[in-house]
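Enquirer: Now for the letters of each chain:
There are 2 protein chains.
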Amino acid sequence: MSTQAEHASLLIPGPIEISDEVSQSMAHYAQSHVGQPFVNTFGETLTLLRDLFQTKNANSQPFVLAGSGTLGWDLVAANLIEPGEDVLVLHTGYFADSFADAIITYGGKPTQLKAPIGDRPQILEIEAALKEKKYKAVTVTHVDTSTGVLSQIKPLAELLQRVSPDTLLVVDGVCSIGGEELAFDDWSVDVALTASQKAIGCPPGLSITMVSEKAINVFKARKSPPGSYYASFKNWLPIMQNYEAKKPSYFATPPTQLVQALNTSLKQILASPISERFAKHRKMSEYVKSEVAKLGLKQLATDPANAANTMTAIYLPEGLTPPEILPKLMSRGVIFAGGLHKEIATKYIRFGHMGVSITDESRGEVDKALKALKDGLAEVQDAKKQ
Amino acid sequence: MSTQAEHASLLIPGPIEISDEVSQSMAHYAQSHVGQPFVNTFGETLTLLRDLFQTKNANSQPFVLAGSGTLGWDLVAANLIEPGEDVLVLHTGYFADSFADAIITYGGKPTQLKAPIGDRPQILEIEAALKEKKYKAVTVTHVDTSTGVLSQIKPLAELLQRVSPDTLLVVDGVCSIGGEELAFDDWSVDVALTASQKAIGCPPGLSITMVSEKAINVFKARKSPPGSYYASFKNWLPIMQNYEAKKPSYFATPPTQLVQALNTSLKQILASPISERFAKHRKMSEYVKSEVAKLGLKQLATDPANAANTMTAIYLPEGLTPPEILPKLMSRGVIFAGGLHKEIATKYIRFGHMGVSITDESRGEVDKALKALKDGLAEVQDAKKQ
Numbered sequence: 001m002s003t004q005a006e007h008a009s010l011l012i013p014g015p016i017e018i019s020d021e022v023s024q025s026m027a028h029y030a031q032s033h034v035g036q037p038f039v040n041t042f043g044e045t046l047t048l049l050r051d052l053f054q055t056k057n058a059n060s061q062p063f064v065l066a067g068s069g070t071l072g073w074d075l076v077a078a079n080l081i082e083p084g085e086d087v088l089v090l091h092t093g094y095f096a097d098s099f100a101d102a103i104i105t106y107g108g109k110p111t112q113l114k115a116p117i118g119d120r121p122q123i124l125e126i127e128a129a130l131k132e133k134k135y136k137a138v139t140v141t142h143v144d145t146s147t148g149v150l151s152q153i154k155p156l157a158e159l160l161q162r163v164s165p166d167t168l169l170v171v172d173g174v175c176s177i178g179g180e181e182l183a184f185d186d187w188s189v190d191v192a193l194t195a196s197q198k199a200i201g202c203p204p205g206l207s208i209t210m211v212s213e214k215a216i217n218v219f220k221a222r223k224s225p226p227g228s229y230y231a232s233f234k235n236w237l238p239i240m241q242n243y244e245a246k247k248p249s250y251f252a253t254p255p256t257q258l259v260q261a262l263n264t265s266l267k268q269i270l271a272s273p274i275s276e277r278f279a280k281h282r283k284m285s286e287y288v289k290s291e292v293a294k295l296g297l298k299q300l301a302t303d304p305a306n307a308a309n310t311m312t313a314i315y316l317p318e319g320l321t322p323p324e325i326l327p328k329l330m331s332r333g334v335i336f337a338g339g340l341h342k343e344i345a346t347k348y349i350r351f352g353h354m355g356v357s358i359t360d361e362s363r364g365e366v367d368k369a370l371k372a373l374k375d376g377l378a379e380v381q382d383a384k385k386q
Numbered sequence: 001m002s003t004q005a006e007h008a009s010l011l012i013p014g015p016i017e018i019s020d021e022v023s024q025s026m027a028h029y030a031q032s033h034v035g036q037p038f039v040n041t042f043g044e045t046l047t048l049l050r051d052l053f054q055t056k057n058a059n060s061q062p063f064v065l066a067g068s069g070t071l072g073w074d075l076v077a078a079n080l081i082e083p084g085e086d087v088l089v090l091h092t093g094y095f096a097d098s099f100a101d102a103i104i105t106y107g108g109k110p111t112q113l114k115a116p117i118g119d120r121p122q123i124l125e126i127e128a129a130l131k132e133k134k135y136k137a138v139t140v141t142h143v144d145t146s147t148g149v150l151s152q153i154k155p156l157a158e159l160l161q162r163v164s165p166d167t168l169l170v171v172d173g174v175c176s177i178g179g180e181e182l183a184f185d186d187w188s189v190d191v192a193l194t195a196s197q198k199a200i201g202c203p204p205g206l207s208i209t210m211v212s213e214k215a216i217n218v219f220k221a222r223k224s225p226p227g228s229y230y231a232s233f234k235n236w237l238p239i240m241q242n243y244e245a246k247k248p249s250y251f252a253t254p255p256t257q258l259v260q261a262l263n264t265s266l267k268q269i270l271a272s273p274i275s276e277r278f279a280k281h282r283k284m285s286e287y288v289k290s291e292v293a294k295l296g297l298k299q300l301a302t303d304p305a306n307a308a309n310t311m312t313a314i315y316l317p318e319g320l321t322p323p324e325i326l327p328k329l330m331s332r333g334v335i336f337a338g339g340l341h342k343e344i345a346t347k348y349i350r351f352g353h354m355g356v357s358i359t360d361e362s363r364g365e366v367d368k369a370l371k372a373l374k375d376g377l378a379e380v381q382d383a384k385k386q
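Protein chains in written order, with full-length UniProt numbering: chain A, 1 to 386; chain B, 1 to 386.
Where hints are given, some of them may not hold.
Mimicking DSSO-like on lysine-lysine, the simulated pairs with C-alpha atoms at most 27 Å apart in a straight line are [stated by the list, open to error]:
1) LYS109(A) x LYS56(B)
2) LYS328(A) x LYS246(B)
3) LYS234(A) x LYS56(B)
4) LYS247(A) x LYS328(B)
5) LYS56(B) x LYS246(B)
6) LYS56(B) x LYS246(A)
7) LYS56(B) x LYS342(A)
8) LYS247(B) x LYS342(A)
9) LYS342(B) x LYS220(A)
10) LYS114(A) x LYS234(B)
11) LYS109(A) x LYS223(B)
12) LYS298(A) x LYS247(A)
13) LYS109(A) x LYS247(B)
14) LYS223(A) x LYS384(B)
These aren't lab readings, by the way, just hints derived from the structure by calculation.
Construct the entire structure; sequences and hints are all you get.
Expert: Structure below.
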């Protein structure tokens, strides 16, 4: 039995559709945050995250906090960057600007390396930047939700190992973790941060972060105290370690129902090999992109190698705007998002294809969305001709 | 039909039991955070909070953020206190220490005025402190969850108006808002902060704060930028104003299901006059306290005027500890909390009596808890005698 009323398919780059089991977990009865049943669930959830992020280093540290994805930037900027330290911010859209703002708030000095819209900074440029200055960290948006651009993490990690091995590699994985391949240990990632409502398939309200042993040691060697209270590793580290050891512990009350939902979602995800999940997302993304091309529409991503597998940012035909087309999709039971990148927000729409909408093909949501897009465009264009 | 499986009654000082309707709202299907249906719900929720806090000033500003109650301290410390400014922290237990830590994190200088355990700082002492130094703000824990001590807000507000009218009155209402009388406008409160899982009767995961026009103006006159990114009024103020005006707006994704649950809970609370709700909590608290006294047990609160109406902190009989008695309650279907105040944590237990457990007498939870306490104590004491 579905607990979810009939509703339009939410195919934006997050929040995404959730499974019935995840939805039921949200309705969990009230639990004590320090009672053993919840402590066991939270502890297990933290351990499951290690599999999701693909880390086997027992000293990697997962954090799950009540908060939006944005809180992950505070975690990085307030704990791993000290005032006056330089950070190289690789810019593929809106989210790099915001991450840079967060870094400035806590006294760090971001240097943005910007790519043209739809592209990403190239390895040679990044190498040149790294050789100019000593950076405490490099931040990269794995999937920039504003442009649908995918950054290549592995070559970046290799570059860092080669030219600046002390620099921390921070991956904003908000629209990637659970949908795009990310091998935390193998690629030597130091921080991968995300939110519950993207490719992890949970409702919004959780900030989820994996921190490497190296980054935890960098934190422990800080000269200044963390710049945030709520987002302080100092406050949360013992709590997360205690929960994972199934010991009750208190700093702030965790959102018990959201943690139940995350637990359910992670178990669903990890019931199959994670590589299969990534392959499904890649395959469906290729299909979406080829169908979009057949409609004569261009993507923001300038090259297939730059294109996310969890979403597609699509330029509208000349003269059409999101407020014209989105209601036509809605009337066909499909919700896409409008543009987010300031410079071109009125020229494109965004189609999120992650989670159960991809893994459960019986939902038929991708084809429903593509048909809605085709028919909706035709309707708007016919109306314009008259 | 109840969506909630059979479970022990959660009677700790939060999280608390939730109504079936609130639980069902948690299972809401996925919604776009910028789609009109959710925007309308969030906007209405913010407006409903004005009634809960009893403010009719259109320039009072509600904030609802994904986060634990703790995040409210960051909101205050990072936005309303500038580095180097003094804050008078009235201490009635654990939570003043933590609030002081949060203030220090953002550069403020807390001065704690401490009362003995079970008591609260007296008006004459506070007056003397206020005359010694210029304080940017006074913080007070309305109900200190660690001790069950109730602070008197109205006389404190009157004192401030009289001797230091520029000083902001900041009420930590985490275990009070929705259960204890608080008249935001009439008492000239500047900030009242709380969390969703206490007397508001919602699951944990929302930081809920009301800020006065005066405090917003103090924020706007800041010389330094806010000390937090995620908890920045600058980032959230336009978003909250837009949502309340039913206009989509984006800084970070709100936890849509939790907002649905809060909306449901607020409608349930506000369906009756709020004064009746406070009266019910007072009446039931008096009953609990008289029954506890009949069992020969003492409260932490040294005087009935110091005692919260939303919870009771109860000393155990000499020689008994929480790990001995709490399992006996659990076996009778009742969950109480252990001690939290470091100095005496092993000597007392805490009984939360808020929300549906109070307003819906058909649940019978208070009497069930009192009987469990009586029988559980007898069982432990009988076993000790043998």
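Enquirer: Checking one constraint from the list: CA of LYS342(B) to CA of LYS220(A), max 27 Å. Satisfied?
Expert: holds, 26 Å
Enquirer: Just to be careful, I want the Cα atoms of LYS56(B) and LYS246(B) compared with a cutoff of 27 Å; is the pair within it?
Expert: Within the cut-off at roughly 19 Å; holds.
Enquirer: Measure nothing beyond the straight line between the CA atoms of LYS114(A) and LYS234(B); if it is 27 Å or shorter, mark the hint as holding.
Expert: OK: LYS114(A) and LYS234(B) at ~26 Å, within 27 Å.
Enquirer: If you draw a straight line from the CA of LYS109(A) to the CA of LYS247(B), is it 27 Å or shorter?
Expert: Not OK: LYS109(A) and LYS247(B) at ~34 Å, beyond 27 Å, violated.
Enquirer: Going straight from one Cα to the other, do LYS328(A) and LYS246(B) come out at no more than 27 Å?
Expert: Holds - the C-alpha atoms of LYS246(B) and LYS328(A) are around 21 Å apart, at most 27 Å.
Enquirer: Does the alpha-carbon distance linking LYS247(A) and LYS328(B) stay inside the 27 Å limit?
Expert: holds, 20 Å
Enquirer: Given the hinted pair LYS56(B) and LYS246(A), is their alpha-carbon gap at most 27 Å?
Expert: violated, 46 Å
Enquirer: Does the structure keep LYS56(B) and LYS342(A) at a Cα separation of 27 Å or less?
Expert: Between LYS56(B) and LYS342(A) the Cα gap is close to 36 Å, so the pair fails against 27 Å, i.e. violated.
Enquirer: For a C-alpha distance cap of 27 Å, please report whether LYS223(A) and LYS384(B) respect it.
Expert: Given pair LYS223(A), LYS384(B) is violated - Cα atoms ~52 Å apart, limit 27 Å.
Enquirer: Taking 27 Å as the top limit, are the C-alpha atoms of LYS109(A) and LYS56(B) close enough?
Expert: Measuring from Cα to Cα gives roughly 43 Å; hence the hint is violated.
Enquirer: Against the 27 Å threshold, does the CA-CA distance of LYS247(B) and LYS342(A) hold or violate the hint?
Expert: holds, 18 Å
Enquirer: Run the distance test for LYS109(A) versus LYS223(B): straight-line Cα separation, threshold 27 Å.
Expert: Status holds; Cα separation ~20 Å.
Hints 1, 3, 6, 7, 12, 13 and 14, counting from the list given before, are not met by this structure.
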